[in-house]
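Start from chain A and add chain B according to the hints.
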Amino acid sequence: MMAIDKLKDVWKNQPISKIQFTETDIYKMIHKKSTSLVKWIFYISIIEFVVLILPTLFMDSPSLEKEFGITQFENELGIVGFVKIVNIINYVIIVPFFIYSFYKNYKNICVNNTSKKLMSNILKTKKTVSYYVYSQLFIAAFTLIYILYKLTLTASFQSHVEVSMVLVWLIFSVIIAITLLVVWLVYKLLYGILLNKLNKNYKELLKEEE
Amino acid sequence: MNKELKNKFVKELQSNQGIIHKICRAYTKGDAQHKDLFQEISIQLFNAYPKFRGDAKFSTWMYRVAINTAISLYRKSKRQVQTSELFDNLKELEFKDYDDTKDRQVAMLYQAINKLNDIEKALVLMYLDDKPYVEISDVLGISEVNARVKMSRAKTKLRNILNP
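Order-wise, the sequence lines are chains A and B. Here the first sequence stands for residues 1 to 210, where the numbers follow our numbering. Here the second sequence stands for residues 1001 to 1164, where the numbers follow our numbering.
Since the hints were made in silico from the structure, they are not lab data.
Some, not all, of what chain B presents toward chain A, calculated at C-beta under 10 Å:
no.	residue
1	Phe1009
2	Leu1013
3	Gln1044
4	Phe1046
5	Leu1158
Have a look at the derived ranges for each label pair, beta carbon to beta carbon:
no.	chain 1	residue 1	chain 2	residue 2	range
6	B	Asn1163	A	Lys127	42 to 48 Å
7	A	Thr24	B	Phe1052	20 to 26 Å
8	B	Met1001	A	Ile145	49 to 55 Å
9	A	Ile193	B	Gln1014	32 to 38 Å
10	A	Ile19	B	Leu1005	25 to 31 Å
11	B	Asn1007	A	Leu54	44 to 50 Å
In the BS3-like style, the derived pairs of lysine-lysine whose C-alpha atoms are separated by at most 27 Å in a straight line are:
no.	chain 1	residue 1	chain 2	residue 2
12	A	Lys117	B	Lys1115
13	B	Lys1057	A	Lys32
14	A	Lys107	B	Lys1076
15	B	Lys1035	A	Lys12
16	A	Lys117	B	Lys1131
17	B	Lys1157	A	Lys203
18	A	Lys104	A	Lys116
19	A	Lys116	B	Lys1057
20	B	Lys1115	B	Lys1157
21	A	Lys104	A	Lys203
22	B	Lys1006	A	Lys39
23	A	Lys18	A	Lys6
24	B	Lys1102	B	Lys1022
25	A	Lys12	B	Lys1022
26	A	Lys18	B	Lys1115
27	A	Lys39	B	Lys1035
28	A	Lys107	B	Lys1006
29	A	Lys197	B	Lys1076
30	B	Lys1008	A	Lys28
31	A	Lys117	A	Lys200
32	B	Lys1115	A	Lys207
33	A	Lys188	A	Lys104
34	A	Lys200	B	Lys1115
35	B	Lys1051	A	Lys28
36	A	Lys207	A	Lys116
37	A	Lys116	A	Lys197
38	A	Lys12	B	Lys1131
A quick note: this is a predicted structure, and the numbers were derived from the prediction, not measured. Cβ atoms here follow ideal geometry from the backbone N, Cα and C, with glycine treated the same way.
Chain B on its own, in the form it takes in the complex:
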């Protein structure tokens, strides 16, 4: 990849990094794993960038690669600290209406998402980001009908986790 293209890639990735951070937070536990997954997604994006033809938006393409990396390619490395105990306290916290701070609500939502399986996480993330079903089915490679059925189950599961 030439230098100009590389610079363009780095700039685009840097300015769109928010999307990847959301995915990393949903798929990992703790900052070390988060950074590790972010790095792997960046490498995968960089390697696939020459094949990105620009027929989709950079952010849409990035979403697909990031989800694929999280679901299929990422392997947790040993050096990461397990912080799962933080997430076991979820049931003790009640998702009260919207009295709490924004941070707390977001943290709870992520804690709940963290309890879903990898495919459900992908579905819920795309739902929360308002992705249309046609795009969801295209990212995952399943039919729209199947995506709707799976989404409905994932949402029910999420609701049950948040309102035990």
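Next up, chain A with everything else stripped away, as it sits in the complex:
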């Protein structure tokens, strides 16, 4: 058996690394772009913010009237007004709140912190973006259901569609469920790959602490 303490002698007397960098090498290095996990999370988050805002931009009232052929009469059902209110709440309160939280959490990520704090701040930043995604999905699903519900009430819909309402809602539900499932899977896969190591290390660090 080898005494573990003897390893310290081996360690302390180890020859210097065969890889050595000059000051010029280091100068070049520090001007390269970081490829850290935090940079990845940052870029992906920006993409998520942008991508999820795009569909709602097209849900303004003129395009609704054009796309769905919503007439003045149908406007009275409250679809256009409803979408307007949802958009205002989204752009004035929800999106700015998430962008602010994201920015604040991102700024809190600091390598000078303890490992535990650093990891928890990274996970917190990622969580902010997840909540943002969930909020946008919820708003989209909610708006869609509301519009579809209002449309099914119109005379033109009822006179053209001859299937039962149960079937119509069933199809709507399946479409929404599949969309949510696909998004969830992509999300799990993306962050699963990205955060696998961090989550494992964070759990390992927290173990036995309770």
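Then chain B, alone, in the frame of chain A:
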């Protein structure tokens, strides 16, 4: 960062690079990954340097940032060559007393450390570098008691790897 401060940083990093090389060797496999992690640690150190107030020694602060980068921030890039097969032969090599050359002993120690998980690696590295528990717990952000429990397990694991 002004030029003077940048020059000071580069000089300090260059003269203390040994610490980072040890961490890189423990956390990576092969020279390509080693250089890649070294670069990422250098970038992180450079970015955090303005916040380094000098209330700790440069080398102590560097240790913390390097460990944090290795554990939490570093992502292996695809271009690196996997050399893990080199490390699978470990059991065939016996850690005989101290008959072998220094290089060989050091190589074996690194091979064994490489088999530990990321947190255990950090603990063992700090143990081998004689860091006090108060500093270990401060770097990792866990209690001293927890650091001692984890360290004891990590050492046992290391011993078992070296003496199968």
